[in-house]
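Residue numbers (the numbering used here), protein chains in the order written: chain A, 17 to 413; chain B, 7 to 203.
None of these hints come from the bench; they were simulated from the model. Be aware that one or more of the hints could be misleading.
[Said to hold, decoys possible] No farther apart than 25 Å at their CA atoms in a straight line, the calculated lysine-lysine pairs in the DSS-like style are these:
| no. | chain 1 | residue 1 | chain 2 | residue 2 |
| --- | --- | --- | --- | --- |
| 1 | B | Lys162 | A | Lys82 |
| 2 | A | Lys68 | B | Lys31 |
| 3 | A | Lys123 | A | Lys155 |
| 4 | A | Lys194 | B | Lys37 |
| 5 | A | Lys82 | B | Lys31 |
| 6 | A | Lys108 | B | Lys123 |
| 7 | A | Lys72 | B | Lys31 |
| 8 | A | Lys162 | B | Lys197 |
| 9 | A | Lys108 | B | Lys162 |
| 10 | B | Lys119 | A | Lys162 |
| 11 | B | Lys162 | A | Lys194 |
| 12 | B | Lys97 | A | Lys162 |
| 13 | A | Lys162 | B | Lys79 |
| 14 | B | Lys162 | A | Lys105 |
| 15 | B | Lys197 | A | Lys64 |
| 16 | B | Lys197 | A | Lys243 |
| 17 | B | Lys79 | A | Lys105 |
| 18 | A | Lys387 | A | Lys243 |
| 19 | A | Lys108 | B | Lys87 |
| 20 | B | Lys79 | A | Lys387 |
| 21 | B | Lys79 | B | Lys162 |
| 22 | A | Lys241 | B | Lys119 |
| 23 | A | Lys194 | A | Lys154 |
| 24 | A | Lys108 | B | Lys125 |
| 25 | B | Lys31 | A | Lys108 |
| 26 | A | Lys64 | B | Lys162 |
| 27 | B | Lys197 | A | Lys105 |
| 28 | A | Lys105 | B | Lys119 |
[Said to hold, decoys possible] Here are the computed distance ranges between Cβ atoms for each label pair:
| no. | chain 1 | residue 1 | chain 2 | residue 2 | range |
| --- | --- | --- | --- | --- | --- |
| 29 | A | Glu122 | B | Asn71 | 53 to 63 Å |
| 30 | A | Asp61 | B | Ser107 | 19 to 29 Å |
| 31 | A | Asn338 | B | Tyr196 | 29 to 39 Å |
| 32 | B | Ile110 | A | Lys64 | 31 to 41 Å |
| 33 | A | Glu69 | B | Leu174 | 51 to 61 Å |
| 34 | B | Ala198 | A | Asn145 | 37 to 47 Å |
| 35 | A | Lys64 | B | Ser107 | 53 to 63 Å |
| 36 | B | Leu166 | A | Ile360 | 49 to 59 Å |
| 37 | A | Gly278 | B | Ser107 | 20 to 30 Å |
| 38 | A | Asp61 | B | Pro54 | 41 to 51 Å |
Even for Gly, the Cβ is constructed at its ideal location relative to N, Cα and C.
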Amino acid sequence: MYSEEHFKRAIGNLLSSTEDYDFFKGYFDNKNSPTTTEDLEKLFDTFKENLKEKGKWNNDAEISIKIFNEQSNEFIIQNSGSPLFITNKTKKLNDGWVLDFLTDFEKCKTEDRFAEEVRPRRYKTVTENIILLGVDGKKLSETYSKYSDFNHPLVNYTVSSTLYNSKNYSQGLPILKKAVESISSYPHYYWDSEFGIEGATWSIADLLYLAGNKAFTELDLEGEKYKFLKLLFLYLSRYIYMSKSNIKSIDFYSNRARIVKGHYMEFAGIFDLGINPDIQYISDMYLAYDVAMRNNLTSIPSFMQFMWDSLKMYRHGSHIPNNSGGYQEIEDRTWMELVHDGEIRSIMLADKLFKEFSNHNLNISKPTIDKIFQYIQSNNIDNTQKYMDKITKRRLN
Amino acid sequence: MTVDLRHPLTEGMNNLMTWRNRYSKIEYPEKVVLNIFYRKYTTEFMMPELLSCFNNNVKWPDFNNGYRELKTKYGETAVNKTNGVLLELLKQTERQIGNTSYSIFQPLISAAKAGDKPKLEEIEYAYLYYFLTDESILLWAAFGGTGINKIDAIGKLSGLILETEDILNYGQIEEILGRFCAAAYLNDNYKALPPNV
Chain A
17 MYSEEHFKRA
27 IGNLLSSTED
37 YDFFKGYFDN
47 KNSPTTTEDL
57 EKLFDTFKEN
67 LKEKGKWNND
77 AEISIKIFNE
87 QSNEFIIQNS
97 GSPLFITNKT
107 KKLNDGWVLD
117 FLTDFEKCKT
127 EDRFAEEVRP
137 RRYKTVTENI
147 ILLGVDGKKL
157 SETYSKYSDF
167 NHPLVNYTVS
177 STLYNSKNYS
187 QGLPILKKAV
197 ESISSYPHYY
207 WDSEFGIEGA
217 TWSIADLLYL
227 AGNKAFTELD
237 LEGEKYKFLK
247 LLFLYLSRYI
257 YMSKSNIKSI
267 DFYSNRARIV
277 KGHYMEFAGI
287 FDLGINPDIQ
297 YISDMYLAYD
307 VAMRNNLTSI
317 PSFMQFMWDS
327 LKMYRHGSHI
337 PNNSGGYQEI
347 EDRTWMELVH
357 DGEIRSIMLA
367 DKLFKEFSNH
377 NLNISKPTID
387 KIFQYIQSNN
397 IDNTQKYMDK
407 ITKRRLN
Chain B
7 MTVDLRHPLT
17 EGMNNLMTWR
27 NRYSKIEYPE
37 KVVLNIFYRK
47 YTTEFMMPEL
57 LSCFNNNVKW
67 PDFNNGYREL
77 KTKYGETAVN
87 KTNGVLLELL
97 KQTERQIGNT
107 SYSIFQPLIS
117 AAKAGDKPKL
127 EEIEYAYLYY
137 FLTDESILLW
147 AAFGGTGINK
157 IDAIGKLSGL
167 ILETEDILNY
177 GQIEEILGRF
187 CAAAYLNDNY
197 KALPPNV
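Just chain A, with the same shape it has in the complex (with noise of 0.2 Å):
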């Protein structure tokens, strides 16, 4: 647990010796004073080679050093404005291998490809189809004996959802199940791990897509809907600012949109009084076609979207173009100052939403991720052959 009378004694231990200290005021006399977790790496990196240099590298030493640098952490986050942008490497989970799971995965894909409509359509002129990539059951099932000790979030949701997606949902919803009761309340193990994250944002978001807004009413879990909204908002939001908005990130800030969207009633009370939520979809596939351009991925059509998207929300506040004026003319504000005022509301309601989380007010027990995954089970009946048979006949190759 942090506290400054820690810190200044891991500054007093760092400190002690007169060699140290004289390294340390050369180090910062350079103009080299860190102010971000990544100069605070530099510098620790640096005085271990100077320890090195000196033959002085021992145990102790690295001991002293781990435990100044999680002081160091544990400062910046209680005084930085908002944590949700830093990553705490001392309290990082170890999951490095989910690269080498993500490649055995990879592996258990075939080359087959089908194309599924979806419905009910969002466009009038446009037709939208899902590509499905066929998967060898055999491998996966091996792949994830391999990795299911790991009860990895990213794990359990990638072969949850291949599973429950060809409709296998007998075995796909016990998996996810896991991954939700991981990720589903304060603390947890995976707030300072991308992949953790980005586990936790999609397990939330296909259970909610799989339960649907009728499992909550006739559950009377309202409440509990609105606590998953908000974890989900958190969690895209985090990935986005703890990843430093890398290329990723277009698919958070777009989804971010479409849930903000598609809850537009929710939001509207999530995010308090006199706030848009149309505003906020503005602004985050605005910002998704902005991470887009910045990676040189806007000849993708579906990237480009993101901006007509964006533009038409705020020219017609429909994605269908009508003589409404939009919020053009509502606001009376142009575009590029709502997409800044979406993107400061959003990080104002995720640092809330955080808060929230951190003070255990957004857990979700286990006996109500049961009744909901009950209730899911029973309303989703395992139908894989009858589906494939379906797609089949839209084979792409």
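Go by the hints and put chain B onto chain A.
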């Protein structure tokens, strides 16, 4: 209904994550066990003071004041009393401390060091279990300082009315609060750490 131990559980889980990053896979199991006993010996050293909270006098007007006071004393006892003698005490591997001894953990440490994942989880679970139990004992004594008796204080924490002989030592209260507070809370809220790789 049992006492809400969310903050101690958060602290315990944070500690485990920090130590996993701080120590090597070989060192880690032993360090966790060392910490279990660091806390346990500290609680035992404080036991006379904790039992003296139940002398029917009101020591503090508010339970929170008492808990804060006891936490401060706990920290001081750990640094001033336990820190210097812990390694010596652990050499007496069979010595009972509460309801356990270091010798029970030695095979677990060896197995965990050799890569036995379930045994490592057993150590991590034990750490959280004893952490929550020791915190519950401080809470129990804090209730005692408000003027209530030992059984009523257990009732406040566990929601249960127990018939038991007089509680005179660490082992007795550890068993009761461990079972009815820590284990009950972990049953609903425990999340296993993924295997250490």
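Do the hints match the structure? See the list:
no.	hint	result
1	B/Lys162 x A/Lys82	violated, 41 Å
2	A/Lys68 x B/Lys31	holds, 23 Å
3	A/Lys123 x A/Lys155	holds, 8 Å
4	A/Lys194 x B/Lys37	violated, 29 Å
5	A/Lys82 x B/Lys31	holds, 15 Å
6	A/Lys108 x B/Lys123	holds, 19 Å
7	A/Lys72 x B/Lys31	holds, 24 Å
8	A/Lys162 x B/Lys197	holds, 20 Å
9	A/Lys108 x B/Lys162	violated, 37 Å
10	B/Lys119 x A/Lys162	holds, 21 Å
11	B/Lys162 x A/Lys194	violated, 33 Å
12	B/Lys97 x A/Lys162	violated, 40 Å
13	A/Lys162 x B/Lys79	violated, 48 Å
14	B/Lys162 x A/Lys105	violated, 39 Å
15	B/Lys197 x A/Lys64	violated, 35 Å
16	B/Lys197 x A/Lys243	holds, 20 Å
17	B/Lys79 x A/Lys105	violated, 32 Å
18	A/Lys387 x A/Lys243	holds, 15 Å
19	A/Lys108 x B/Lys87	violated, 33 Å
20	B/Lys79 x A/Lys387	violated, 45 Å
21	B/Lys79 x B/Lys162	holds, 23 Å
22	A/Lys241 x B/Lys119	violated, 43 Å
23	A/Lys194 x A/Lys154	holds, 21 Å
24	A/Lys108 x B/Lys125	holds, 22 Å
25	B/Lys31 x A/Lys108	holds, 15 Å
26	A/Lys64 x B/Lys162	violated, 51 Å
27	B/Lys197 x A/Lys105	holds, 20 Å
28	A/Lys105 x B/Lys119	holds, 24 Å
29	A/Glu122 x B/Asn71: 53 to 63 Å	holds, 59 Å
30	A/Asp61 x B/Ser107: 19 to 29 Å	violated, 42 Å
31	A/Asn338 x B/Tyr196: 29 to 39 Å	violated, 54 Å
32	B/Ile110 x A/Lys64: 31 to 41 Å	holds, 38 Å
33	A/Glu69 x B/Leu174: 51 to 61 Å	holds, 59 Å
34	B/Ala198 x A/Asn145: 37 to 47 Å	holds, 41 Å
35	A/Lys64 x B/Ser107: 53 to 63 Å	violated, 39 Å
36	B/Leu166 x A/Ile360: 49 to 59 Å	holds, 50 Å
37	A/Gly278 x B/Ser107: 20 to 30 Å	violated, 58 Å
38	A/Asp61 x B/Pro54: 41 to 51 Å	holds, 49 Å
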